[in-house]
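Asks: What follows is the residue order along each chain.
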Amino acid sequence: MLAFILRRLLQSVGVLLAVGLIAFAMFRFAGDPVNQLVAPDTPYAERLQIRQSLGLDDPVLVQFARYAGNAVRGQFGNSYQFRQPVSTLLAERMPATLELALCATLFALTAGILMGVYSALHRDSVGAKLLQAISLVGVSLPTFLIGILLIFLFSVTLGWLPSYGRGDTVRLGWWTTGFLTASGWKALILPSITLGLFQMTLIMRLVRAEMLEVLRTDYIRFARARGLTTRSIHFGHALKNTLVPVITVAGLQLGSIIAFSIITETVFQWPGMGLLFVQAVQNVDVPIMAAYLLLVALIFVSINLVVDLLYTIVDPRLRLSVRRAA
Amino acid sequence: MASPAPAPALIVEAPPSRLARFLDSDLLANFRRSKLAIAAFLATVLFIALALLAPVISPQNPYDPAQLELINASLPPLWYADGQAPFLIGTDDQGRDVLSAVFYGMRLSLLVGVLGVLLSGFIGIGLGLIAGYAGGWVDTIIMRVADVQLTFPAILIALIVDGVAKAVAGGHMEANAQIALIVVAIGLSFWVQYARTVRGSVMVEKNKDYVQAGRLIGLSAPVILTRHILPNVTGPVFVIATINLALAIITEATLSFLGTGLPETMPSLGTLIRTGNRFLFSGEWWIVAFPGFALAGLVLAINLLGDWLRDALNPKLQ
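One line per chain: the protein sequences are A and B, in this order. Going from the first sequence to the working numbering is simple: count from 1 and add 9. Going from the second sequence to the working numbering is simple: count from 1 and add 5.
Worth flagging that the hints you see were computed from the coordinates, not collected in a lab. Ideal Cβ positions, reconstructed from N, Cα and C, are used throughout, including at glycine. One or more of the hints may lead you astray.
To be verified - Selected chain B positions facing chain A (in silico; Cβ < 10 angstroms):
hint, residue
1, 146
2, 148
3, 150
4, 156
5, 158
6, 168
7, 173
8, 201
9, 258
10, 278
11, 293
Claimed, not checked - To give a feel for the contact side, a few chain B residues facing chain A, derived at Cβ under 10 angstroms:
hint, residue
12, 209
13, 213
14, 304
15, 312
16, 313
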């Protein structure tokens, strides 16, 4: 077991190092940073001095080690566009993205489970067929198109909800939250639906398939024979057993939600990390791109690691096969 | 006296031609039974035809500034009182016919999608063949890279490839170079699925007698792989390719929408939606709506076709 954890940890560190290498390589390829710091008519001797003071004369490996060391301490250099430390910019934007991701996940889970249960219990009804059709369209429509559609409906035509920004936010220490104001809640609705819709259809299909499977098993038939109420069979026995894979998928999808928030944040001009990243790609702001890349890699690797470890704890069969393989 | 009975003519049936085999196949019979598959197929063919014929059927060449008249700017669709012929579904703020822009945009979206799928298929099938046939550390390295890449969403990888390439190029690129860049970004984002599938099939195939026989008569590994194993592992590849075509088109549209894809001088559907989005609030909904409909319809048709193909080729469901 310990060997397995250690091996998975080593693997994760390896992935992070590889991503770090890509991030570092971006700096090396993106031209001479000295040119961006000095006036065009700076004499060569002075340039050389700046190069030396920045450590650009050192061997590549030394430079990479230094970059990695700084990254571990959360120092990613200054953004070219904003002339501010990248870490400050990311920290400012992180609450917006995390709150959006949280709301989107909750929406996807509740709506997905409800719709999945409904379409499994009434599998031949018109409503269930409609939900299936909607889920197919939901998978086919690109995220940004759904966002534009929602804006057109609820902001332009009906004028109910705002189409951009976070509304009023309240500052709690370094964290800014939109949860404490009415306009903040209103601003969250459309982006959360846009971001969570794909995951919702995924969860709905999964719950439906799992429910149909579970409803056929012997213990459900036995519960019926014992004369339990339909409600307690469906929700107490069947649904409970479908939730393990659903929670796994939702957990794994959390990373995708953070990655896909890039698109949603652009549609709704949501001031989060994703919008920062897109602006960085458009303006070739390498420090932000590199830092975001590392941050996302860290999030993905951690989620995968936690899920893998949880699996081995939850499922004894897996623990056995791990021990055999080791 | 009766002459001896003539020797029975040797009946040699010509092997059925490929076309005859196709016409007789389960796949075609299944296709004829499924109304949804026929509708999806017809819609896909229609979209492809519109895209290919764009220069012929478009009332206007949207890339030619000489054909744009500002006097025609922001006209609504024909069924509005102030709509004007020949602008069936209106014009944008430059006086560009939206219908022509959609046809030309669809052309670019399909072109990038198909090229992206071809490239990712080429990379994925190649690496899958090598990994499955060679085994050992080659297999381990390729599949480990694939595992790592699979944990990240494709759109993120495409964005990063795009961003890195832009950083390398210093921020300014020709329109054609941007098209090539997007194709490469899509190719590098979607190869994993092909590689895994092909590797699995190759590992089964390589132990069969015909491969052993090929080795025995001294065929080289590349010949065995491309001439003998490859034709036997292509079935699932077509399913992946169809579904990936829809994904590739969405990816290109998304990149273009985010402003890192095709430039406004050569707009794909995604670029059209991005530029049209600005006019949503001034009530000129048609500039963004019709490219949106075209994109949604195209992707939906291809998705339905891919879903059907997957089910039809899946022996478990028959």
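Asks: Please go over all the hints and tell whether each is borne out by the structure.
Replies: The hints, checked one at a time:
1. 146: Violated - the Cβ of residue 146 (chain B) stays beyond 10 angstroms from chain A, reaching only about 12 angstroms at its closest.
2. 148: 13 angstroms, violated
3. 150: 9 angstroms, holds
4. 156: 5 angstroms, holds
5. 158: Given a least distance of 5 angstroms, the restraint on residue 158 (chain B) holds.
6. 168: 4 angstroms, holds
7. 173: 4 angstroms, holds
8. 201: 17 angstroms, violated
9. 258: The hint holds - residue 258 (chain B) has a Cβ within 10 angstroms of chain A, the shortest such distance being about 6 angstroms.
10. 278: Holds: closest Cβ of chain A sits about 7 angstroms from residue 278 (chain B), inside 10 angstroms.
11. 293: 6 angstroms, holds
12. 209: For residue 209 (chain B), the interface hint is violated, since the closest Cβ of chain A sits about 22 angstroms away, which is over 10 angstroms.
13. 213: Violated. Min distance 28 angstroms.
14. 304: 5 angstroms, holds
15. 312: 8 angstroms, holds
16. 313: 12 angstroms, violated
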